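Novice: Chain by chain, the residues run as shown.
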Amino acid sequence: MRESLAENRKWDVVARDLLATQGAIKKDGRANFGIFFDGEPNEYAEAAMRLFLGTNLACAQCHDDPYVDQYKRESYWALAAFFGRIAMWDGNLVAAERFTERFPEIGRSAQSISTLPGGDAAIDGARGENRALADLDEGEVEMPDPGNPRTMIPTPLGGQPIANADEGVKTRRELFADWVTGPQRHNLARAAVNRYFLELTGRGFVDRPDGFAPNKTVRHGTLLDRLATEFVKHQFDIKWLIRTIVLSKAFQLQSAEDHGASETWHAAVHRTLNSDQWCNSVLRVTGREDAIYGLGGQLRKLLKEEIFQRVQQRRKLLAEGAENLRAGPFPHLADRLPPAPEPVTGPSPAITDPERAQLSELRQKYVAVGQGLGKQRSRARAAMSSTSESLMKMNGPLVAESLSQGTRVAEIEALDSPKARIRLAFLSVLARPPRVEETQRLLPWANNDATLQVSDLLWALMQTSEFQSM
Amino acid sequence: MPLVLGLADSLGSKDDGFMMRCNYQHHSSGTTPHTILTRRGVLKASFGTVLGTLLGPTLPSVFASGTSRPVGNDKSVIFLWLDGGPFQHESFDPKESGDEDLAYRLKSISTTADGIQFSESMPWLAEQAHKMAVIRSMQGIEMEHNQAQYHMQTGWRSIGAIQAPAIGSIVSHELGPLPMFRAQADGLPAFISIGHAGYSAGHFGAAHKPTIVWDPSQPPENLGLPKGVSPEVLDQRLKLLEMIEAGRTLDATDRYFREGRDGARRFMQSRQRAAFDLTNETDKVRQEYGHARIGQGCLLARRLVESGVRFVQVCHDNMDQHRDHYPGHVELLNQLDQGMARLIADLDDRGMLEETVVVAAGEFGRTPTFNGNAGRDHWVDGYSVAIAGGGFAQGVTYGSTGPRGGVAENPVTIPDFMATLCTAIGIDPDKEYHDQFNRPIKLVDDGTIVREVLA
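Going down the list, the sequences are from chains R and Z.
Take any residue in the first sequence, note its place counting from 1, add 34, and you have its number in this note's numbering.
Take any residue in the second sequence, note its place counting from 1, add 60, and you have its number in this note's numbering.
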């Protein structure tokens, strides 16, 4: 996904990637999406509908949706039928059993899997990351009705069953991808526009990325349709979409203290930071991030040497391994070894002994900082949305250590006037200068109270809801 | 004054602990002043100085006014969460077999309950079996940890559309703090989780997520001020914050943070926080509970329930051992045995067992057969849950498994178990609430109450 976004892969192409790719995830990460559902066709279908068309059909797994005529149980399982012909290999016992149950004639050996379409990839997967996905020519989805299980024919939502689904050269998953990126492309675009709008501004045309349903009102529907049409015209260019949203007035509005804002969009709405955003923000505003990265920069020489050595060693091991295999009873396996990494050009950097001792010490420090932060991050994730969250934000080590180890406190202390200090503190933490009345409120206190510490002011600013939300 | 909730460093060696286990038998036969009053008894008693000395720093303020009237019931739950899945046939549902692939190595021992045997890994619980109800025929569905834990904790299978609340959040939401502590402004949270972040609170929201105590030997994380920050400094900082935010009209986000901060402040200043300080217990008691997290967690759980916490979850070290079952897994069972047995005895001595349910359960059991790594894998068809106190039957087992595992009679599903537990603590499992989409959802997904294990 990261690569797709970096190369600005078009959204409809990403959809097809995630919906139809076969192979081993080590070779092709796009196949991972299908593997995630553990071979449950209905879960795959449900996720595809939520992710790409913004509709949540989960209720219809067990019962007809009482509010939406279109969401019948039967439609749900007919969608699942698009995803019923998948062979999944993840090397573990449970998956292997499920695999064998579904395809008894294939059995569990890697050899027989290679006879499947995409089977080569499956074998690689079993050896490497242990995970692979292949489309098959057979396998049906039954609607689990006790006493009356019915084989479902793949049917797009609100469409006709694809009777000849199995005759063409396309896999069932490819047929689904065709439907999503073809007849449904306007809805694909609507769901994407809503998702990005929600992510970027905190509110959407519907309240959730999967909040579209025939019975739900869409806010500013004309605008949504207009944006969706333009998005399709721009060939599902995500960068265009993001650019359009961030250049809009809606995105650039100041927040206001008004509940109506989430309906009328006349002002930005507050969202609280998630734990990672909060951690990163604390590191950034206290200037601790700079301190940590500075430490990492000093280690560059040592790391370069290590990479050099590691690559050399890997090349040596692979060459030896290939030689041994060729001499043994299965010489053809030598060709199946993974490719050796490219040699690192240039000599290994020279490091003197005293320098090395100093760098190792620095490295230990760096690793310790990283481990400490890692623990604090995971604790922060666990603590979010509970009493523990407030305790962590007031008394926790991340705030305390960042105040004492970051560079910001010293930078602010170096300023002469209290007014300048207050200004830089606001700029550092809230990314805006203090308002006149804020300075006025704080100044007398700052002038008269000798015990005022810059760290206290930064602490207080970091407790504001302005800092903790965006 | 900064909070001082430190811990004496040394607890002695493991061997000392084992010796202490022998001593504790003598201890539990004696009578201590604690055995005189139950919580309910306390409520009924007159307000003499003896109460002050007995309850010490945890004396609830409602007593001082003399106006308390209990609302709701007095039941608490201590849920020993056996994360990863314990092996049923070497704990509460012992089996012996000559079949080599089964590889049961432990013997069965008789217990204080007629006709009930435990594994020899549970010598201390064998002494408490006459107070316990054991379900031996739990039948799960989910084979993988995440899904199985969600199922066991919420009573619902994990489906995307519903975020069901975990049992601790259900109890916190339905019952709140214990009645005699409810009127206190500085009471402890209703749901505390020891050694684990807890699971979903679902629709009940942040207020019913657990407050986390990572290490029972330490106070809750960040309850004390960081080094170099005095209470005066904190006051100053809060005053600054107030000045910065003055004149702001509060929106929902502001209120969320403000209420969170106020709650944290109350918690920091609560007189009940002394309950977290295990150094208030003698070394002897601490050793009797066992050094392991589960043991010290059991002791802390007892103290918390005494101080008004409604639901305490204590998480054992991860039991998910897929390789080298012996001796590691048995050691974990030993630790559970020591802590849980001492907890049951202690609650009983204090007259609290009747009002406190102690449950030991994991998300599933382990395979009767060995895998290729001399370990045991996940097993959902016939595992055990052990319960004591709080309106459960005493000295009974329910359901059974065959000689090679597998439920033989009276299968109990996870919703059945949840419905039974809810009923025992006075919560209607069929109660409906409305989730964020206004869908009516029952607390428990259609469980049948297992009357046989209820008193």
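Hints may contain errors.
Claimed, not checked - Which stretches of chain Z does chain R cover? Using the computed rule of at least three CB atoms under 8 Å from a CB of chain R, they are:
hint: 1; region: 136-142
hint: 2; region: 267-275
hint: 3; region: 278-284
hint: 4; region: 289-300
hint: 5; region: 322-333
To be verified - List of simulated lysine-lysine pairs, DSBU-like, C-alpha gap at most 30 Å:
hint: 6; chain 1: R; residue 1: LYS399; chain 2: R; residue 2: LYS44
hint: 7; chain 1: R; residue 1: LYS283; chain 2: R; residue 2: LYS250
hint: 8; chain 1: R; residue 1: LYS350; chain 2: R; residue 2: LYS335
hint: 9; chain 1: R; residue 1: LYS335; chain 2: R; residue 2: LYS44
hint: 10; chain 1: R; residue 1: LYS106; chain 2: R; residue 2: LYS250
hint: 11; chain 1: R; residue 1: LYS283; chain 2: R; residue 2: LYS267
hint: 12; chain 1: Z; residue 1: LYS167; chain 2: Z; residue 2: LYS155
hint: 13; chain 1: R; residue 1: LYS204; chain 2: R; residue 2: LYS106
hint: 14; chain 1: Z; residue 1: LYS299; chain 2: R; residue 2: LYS453
hint: 15; chain 1: R; residue 1: LYS44; chain 2: R; residue 2: LYS204
hint: 16; chain 1: Z; residue 1: LYS287; chain 2: Z; residue 2: LYS299
hint: 17; chain 1: R; residue 1: LYS106; chain 2: Z; residue 2: LYS502
hint: 18; chain 1: R; residue 1: LYS453; chain 2: R; residue 2: LYS338
hint: 19; chain 1: R; residue 1: LYS250; chain 2: R; residue 2: LYS267
hint: 20; chain 1: R; residue 1: LYS335; chain 2: R; residue 2: LYS399
hint: 21; chain 1: Z; residue 1: LYS287; chain 2: R; residue 2: LYS409
hint: 22; chain 1: Z; residue 1: LYS491; chain 2: R; residue 2: LYS106
hint: 23; chain 1: R; residue 1: LYS335; chain 2: R; residue 2: LYS409
hint: 24; chain 1: R; residue 1: LYS453; chain 2: Z; residue 2: LYS287
hint: 25; chain 1: R; residue 1: LYS409; chain 2: R; residue 2: LYS399
hint: 26; chain 1: R; residue 1: LYS250; chain 2: Z; residue 2: LYS287
hint: 27; chain 1: Z; residue 1: LYS502; chain 2: R; residue 2: LYS399
hint: 28; chain 1: Z; residue 1: LYS491; chain 2: Z; residue 2: LYS502
hint: 29; chain 1: R; residue 1: LYS250; chain 2: Z; residue 2: LYS491
These are computed hints drawn from the structure, not numbers from a lab.
Quick caveat, the model's predicted, so the values are computed rather than measured.
Heads up, the beta-carbon is just placed ideally off N, CA and C, and yes, glycines get one too.
Novice: Between the alpha carbons of LYS287/Z and LYS409/R, is the straight-line distance 30 Å or under?
Specialist: With Cα atoms ~19 Å apart, LYS287/Z and LYS409/R stay inside 30 Å; holds.
Novice: Hint check: LYS453/R vs LYS287/Z, CA-CA at most 30 Å. Holds or violated?
Specialist: OK: LYS453/R and LYS287/Z at ~29 Å, within 30 Å.
Novice: Does LYS335/R pair with LYS409/R here, judged by a C-alpha cut-off of 30 Å?
Specialist: Given pair LYS335/R, LYS409/R holds - Cα atoms ~27 Å apart, limit 30 Å.
Novice: Are there three or more residues in the region 289-300 of chain Z whose C-beta lies within less than 8 Å of some C-beta in chain R?
Specialist: holds (count 7)
Novice: Taking only the CA atoms, is the gap from LYS283/R to LYS250/R under or equal to 30 Å?
Specialist: 26 Å, holds
Novice: Next pair to validate is LYS502/Z with LYS399/R; report whether the Cα-Cα distance is within 30 Å.
Specialist: 52 Å, violated
Novice: Does LYS491/Z pair with LYS106/R here, judged by a C-alpha cut-off of 30 Å?
Specialist: Within the cut-off at roughly 27 Å; holds.
Novice: With the threshold set at 30 Å, check whether the alpha-carbon distance from LYS335/R to LYS44/R stays at or below it.
Specialist: Since the Cα atoms of LYS335/R and LYS44/R sit roughly 39 Å apart, the hinted pair is violated (cutoff 30 Å).
Novice: Starting from LYS350/R, check that the Cα of LYS335/R is at most 30 Å away, please.
Specialist: Distance of about 23 Å is within 30 Å: holds.
Novice: Can you take a look at whether the region 136-142 of chain Z is actually covered by chain R? Rule is 3+ residues, C-beta closer than 8 Å.
Specialist: violated (count 0)
Novice: Is the Cα-Cα distance between LYS399/R and LYS44/R 30 Å or less?
Specialist: 43 Å, violated
Novice: For the pair supplied as a hint, LYS250/R and LYS491/Z, is the alpha-carbon distance within the 30 Å limit?
Specialist: 28 Å, holds
Hint violations for this structure: numbers 1, 6, 9, 18, 26 and 27, all remaining hints satisfied.
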